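Trainee: Chains as they are written, first to last, in this note's numbering: chain Y, 1 to 205; chain U, 1001 to 1204.
Everything labelled a hint here was simulated from the structure, so no lab data went into it.
As the structure is a prediction and not an experimental result, all values here were calculated from the model.
Built from N, CA and C at the ideal position, the CB exists for glycine as well.
You can take every hint at face value.
Rough simulated footprint, nothing fancy, chain U against chain Y, three-plus residues with beta-carbon under 8 angstroms:
(1) 56-69
(2) 77-86
(3) 89-97
(4) 100-111
(5) 154-167
(6) 181-195
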Amino acid sequence: MATDFALDLPFRLPTAAKAATIPKVSTLSPTDEELLERVGRRDGDAFETLYRRYSRSVLGLALRRLGDRGRAEDALQETFTAIWRAAKTYRPERGPAAPWLFAVARNSISDRGRARREPPAEAPDEPSTEAGPDEQAEQSWVSWRVHSAIETLPDHERRLIELAYWSGLSQSEIAELEGIPLGTVKTRTRSALARLADALEEELR
Amino acid sequence: MTNDPNFHELVGDEGPPEELDRLRQVHELLVAAGPPPELSPAHEHAPKVEESKVLRFKRRRTTFVFAFAAAIAAVAFAVGYTVGGRNSSFEAAGVVPMHGIGSQAAATADIRIGKHDSGGNYPLEMSVKGLSRLPKGGWYELLLSKNGHPTLACGSFGIDGKETTFRLSVPYDLSELRKADTFDGWVVVRHTPGQHPAPIVMTT
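Bound-form chain Y, shown alone (with noise of 0.2 angstroms):
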């Protein structure tokens, strides 16, 4: 409850949180874009540093569409070297970063795929119930959009996001774990999770 306090200080006391919000995080910088453009003008820094940042959403797309860790690393080496060789095309102005990175990826993931698109031996008696074709490049799209961003988090939040969403451990025994009080643990991971949504604002309705 917010009071009002007619105190005579010489200084104006903080106005009352507005319920812990969370402003808006800046710009990633550099951004994808710059990146790119960087990587274009063969800057092998920022080839490492846009690796880093999207290796991972390459690799997990990889596996959801070979099923195989082996063939999905050959990919995600072709991936990058495919965007180390095309990076130079890349054009800001018709469009952002991530859905050209993405079609690379698709690309070069779905040429290693077509091997083991072999028909069954017997057609099932029964409709599918995995995703059709548009919902799984759907879902590809928003897990590399949400992984991709995981990545852009620093350090400390990423470890409190991947610990409390793929690990089974509760917030207490994060906060065991990592040997800081149980307030930080929450208050980062909210402060993670508004860094998230401003990152994935376009995937979020």
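For this one, chain Y is given, so just place chain U on it according to the hints.
Mentor: Here is chain U on its own, set in the frame of chain Y:
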């Protein structure tokens, strides 16, 4: 197997409803996306890409043959842009002819290059004649090439008869790549299970 985390436990219920709704949507995206994979130690860093080195395909012909093919490709590309396509159902800005080599010497193909869309994607329509059918699990792949070496993948296709026509889309700006001398031709390689490197079977 782990249970999905509880949004309320993670975030609590303090804050404006619109902010909580935004965070909840992110929460749902994270749950739906699942964990990103871990990179193995061998893949922690970006691959070293040398300008002169290309993908792991074996060079099949002499330098002279590839230089000749490259020259033909460059001319064909330029001529194609001015002459235009020949398929009425596909608006081609250029046509690049290809021919088979080695055991596929009788094969021919045309790549019709469309105008790029607003996203920078180039539509391609390719007609292939005379390539042999593939064994189970095999596929053909069209790639850009430089000095006869495959460089950038443009898509894959199969053959189910003597002739086939299909469409592909590539996200590379072909005009810019050409100006930058990144490619000077096209090749088709044949992938078959257990055969590495994949041999080049067609070139420009």
